[in-house]
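K.L.:
Put together the whole structure using the sequences plus the hints.
Chains as they are written, first to last, in the numbering used here: chain A, 1 to 468; chain B, 1 to 238.
One thing to keep in mind: the hints can contain errors.
Straight-line alpha carbon distances no greater than 35 Å define the calculated DSBU-like cross-link-like pairs of lysine-lysine that follow [stated by the list, open to error]:
# : chain 1 : residue 1 : chain 2 : residue 2
1 : B       : K103      : A       : K419
2 : B       : K216      : B       : K144
3 : B       : K177      : A       : K462
Treat the hints as calculated values from the structure; they're not laboratory data.
Note that the structure is predicted; figures quoted are calculated from it, not measured.
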Amino acid sequence: MRAKAKRYPKEAARLLRERPSVREAVTGATLHFERNRLRAYGEIDTEAWRERARRVKDHVLTHLDHYLELAEGRLRENGVQVHWAEGPEEAHRLLREVVARHGVRRAVKAKSMLTEELGVNPLLESLGVEVYETDLGEYLIQLLGEPPSHIVGPAIHLTLKEIQELFHGRFGTPPDAPPEALAQVARRVLREAFLTAELGISGANFLVAETGTLALMENEGNIRLSTSLPKVHVAFVGIEKLLPRLQDLALFLPLTARAATGQRLSTFVSLLQGPAREGEEGPEEVHVVLVDHGRTALLADPEAWEVLRCLRCGACLNACPVYRQTGGHPYGYVYSGPIGAVLDPGLLGLEEAYPLPYASTLCGACQEACPVKIPIPRLLLTWRHRAVEEGLAPAWERGAIGAFARVMGSPALYRLLSKALRGLPLPQELQVYLPVLKAWAEGRGPLRPSPRPFHELWKEIKEEARGG
Amino acid sequence: MRVALFITCLADQFYAEAGVAAVRLLRALGVEVDFPEDQTCCGQPAFNAGHWGEARALAKRSLEVFREAEYVVLPSGSCASMVRNHYPELLPGDQGALALSEKTYELSQFLVRVLGVEKLGEGLRGRRVAYHHGCHALRELGVKAEPLLLLQNAGAELLPWEAAEECCGFGGLFSVKLPEVSLSMADRKLATLPKAEVLTSTDAGCLLHLAGRMAKLGQGVRVAPLATLLWEAYAGQG
Numbered sequence: 001m002r003a004k005a006k007r008y009p010k011e012a013a014r015l016l017r018e019r020p021s022v023r024e025a026v027t028g029a030t031l032h033f034e035r036n037r038l039r040a041y042g043e044i045d046t047e048a049w050r051e052r053a054r055r056v057k058d059h060v061l062t063h064l065d066h067y068l069e070l071a072e073g074r075l076r077e078n079g080v081q082v083h084w085a086e087g088p089e090e091a092h093r094l095l096r097e098v099v100a101r102h103g104v105r106r107a108v109k110a111k112s113m114l115t116e117e118l119g120v121n122p123l124l125e126s127l128g129v130e131v132y133e134t135d136l137g138e139y140l141i142q143l144l145g146e147p148p149s150h151i152v153g154p155a156i157h158l159t160l161k162e163i164q165e166l167f168h169g170r171f172g173t174p175p176d177a178p179p180e181a182l183a184q185v186a187r188r189v190l191r192e193a194f195l196t197a198e199l200g201i202s203g204a205n206f207l208v209a210e211t212g213t214l215a216l217m218e219n220e221g222n223i224r225l226s227t228s229l230p231k232v233h234v235a236f237v238g239i240e241k242l243l244p245r246l247q248d249l250a251l252f253l254p255l256t257a258r259a260a261t262g263q264r265l266s267t268f269v270s271l272l273q274g275p276a277r278e279g280e281e282g283p284e285e286v287h288v289v290l291v292d293h294g295r296t297a298l299l300a301d302p303e304a305w306e307v308l309r310c311l312r313c314g315a316c317l318n319a320c321p322v323y324r325q326t327g328g329h330p331y332g333y334v335y336s337g338p339i340g341a342v343l344d345p346g347l348l349g350l351e352e353a354y355p356l357p358y359a360s361t362l363c364g365a366c367q368e369a370c371p372v373k374i375p376i377p378r379l380l381l382t383w384r385h386r387a388v389e390e391g392l393a394p395a396w397e398r399g400a401i402g403a404f405a406r407v408m409g410s411p412a413l414y415r416l417l418s419k420a421l422r423g424l425p426l427p428q429e430l431q432v433y434l435p436v437l438k439a440w441a442e443g444r445g446p447l448r449p450s451p452r453p454f455h456e457l458w459k460e461i462k463e464e465a466r467g468g
Numbered sequence: 001m002r003v004a005l006f007i008t009c010l011a012d013q014f015y016a017e018a019g020v021a022a023v024r025l026l027r028a029l030g031v032e033v034d035f036p037e038d039q040t041c042c043g044q045p046a047f048n049a050g051h052w053g054e055a056r057a058l059a060k061r062s063l064e065v066f067r068e069a070e071y072v073v074l075p076s077g078s079c080a081s082m083v084r085n086h087y088p089e090l091l092p093g094d095q096g097a098l099a100l101s102e103k104t105y106e107l108s109q110f111l112v113r114v115l116g117v118e119k120l121g122e123g124l125r126g127r128r129v130a131y132h133h134g135c136h137a138l139r140e141l142g143v144k145a146e147p148l149l150l151l152q153n154a155g156a157e158l159l160p161w162e163a164a165e166e167c168c169g170f171g172g173l174f175s176v177k178l179p180e181v182s183l184s185m186a187d188r189k190l191a192t193l194p195k196a197e198v199l200t201s202t203d204a205g206c207l208l209h210l211a212g213r214m215a216k217l218g219q220g221v222r223v224a225p226l227a228t229l230l231w232e233a234y235a236g237q238g
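P.N.:
Set out below in structure tokens:
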């Protein structure tokens, strides 16, 4: 996917202006998820679970070469064909081969953020393959030609009315058809796709190294069908998705479900161990593509690597009051919200993702929600610091901060500013403040300072105590 | 016991009476109060925006200004967190930063945890109060129970507020860099505000932002810093 992260401030403003329904839909849905998460976290010793999960992930990430080799060996023993992809090119090459070898005309696909990164759909379409997203939300946005707005709920930004209109135009359903009727239509289309597709594509929530097991979580059953009915299954797995042992799933599956949707466990969990053997049903051929796409470099970054613990549960998006205003589209890349703000600079480079670390008030709600305790506010500060070091901060900001530092570095200048705020003309040196003050006042009315600042009042009350 | 007040620039300029309230309150509780007059700003705006060089210079100033203090108390959760949590990161290996960090408290935190005061008086009897948890007070400093306890014990009726722990959208430079998102967040916060007589919080920044937005929208709720209300709790003023 081409990143448009640089446009974040403009796109966020535009969306708030032009599509107010998005704010309403996203706020409603995220608050719902958030309440569910809080209830689900409340049932367990959350701190102990999160700490355990953090340690397991840190262990895997700090011994990643070992676990990747182990996983590769086990996968091959299970009859899986293993591939390594540095980036989209290798992933595309493999898909081209599969499509050509099996004469693939139709593919069914489970929702996967990594395949969004790799641009799997456009590639397949360019090869003349019909692609069906089979997660209902993902199917909706595919019909609309939009990217996902949320890591877990891709169509979270849509209202029922918009979906009704979409289906009315596409399938001729009544303009006020109830959700059940719309789901029926989607089910009919997707069933047909499942039964006729030669290729099934998925991501993976986890890959267990010791057994070569792919673990997939879902609520709709579409992943099960995508990975069992077509004769070929290709799974794209980010190298950070590894877990050491099968027993780790006992922690990570319920923790992820609780964090993501407040469920104790997702409705379906598939543990896949390679192609069907004699007498079994399932795909004849299974490919696992281990994808780097910037992750190794990020892992080597001592100040930013912790973001790779991410389970893609979306809990930080649901908790984030900034994300709630706009949903994911203005962030301009696959990963939005707080996690996007610290992951995208690592994957795309800071120059490409510059405004994203500033898409936060540092309120810390994201860190509180994160099931693997990623210190998102600290990572935001790190990326901001680097942005400034690399000269990416806009000129007005550098000017304003420079003036701020000069004023605050000198009590005399600070007292001058204090007088200026109360009506005296602002000296030349401080006029860089004016645009900032003006911008602030636009949405909030003029700033009204106290009649006298405290440091003047102090001179009067200093002696008060002695007086009585 | 002697306390050096770090009044913070926003409170100094926009909520000066909160500073006076803090002085009177602390004195009433038997604490000697200093106001080192060379103080300016803790440097948080620069730090949060990534300009660590500028922030470091201001942090070093604060180290000098408050070097001799026994305790440093701020009527601001986010500035208190800047000193307590971020000064040691910003000045690694600096013993002065560590020392200042350890003796720095937000006002209500100081009253409850250091002075052991849980009740100031009953001056807020029957007052309907909405409390906004400033994010840094809440999540960085862990100040949650203290202000509520002091308000409640003074007789205030604390109104349930769905969005009480949600960020108001101020975020320092955030409010200027992403003004539309910032205002949208304030609107969400205010849309859920219960029918209160007074809206309060530890942080001048949040209050300025919310009060400004209310003024713009024509909502007329009194906005007062926590320090002001705590003094009213003690002195019984209306």
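K.L.:
Indicate, hint by hint, whether the structure satisfies it.
P.N.:
So, going through the hints one by one against the coordinates:
For the hint linking K103 of chain B to K419 of chain A, the alpha-carbon distance of about 32 Å falls within 35 Å, and the restraint holds. Restraint check for K216 of chain B and K144 of chain B: the C-alpha separation of about 29 Å stays at or below 35 Å, so the hint holds. About 39 Å separates the Cα atoms of K177 of chain B and K462 of chain A, which puts this hinted pair outside 35 Å; it is violated.
Checked against the numbered hints listed earlier, the structure breaks hint 3 alone; every other hint is satisfied.
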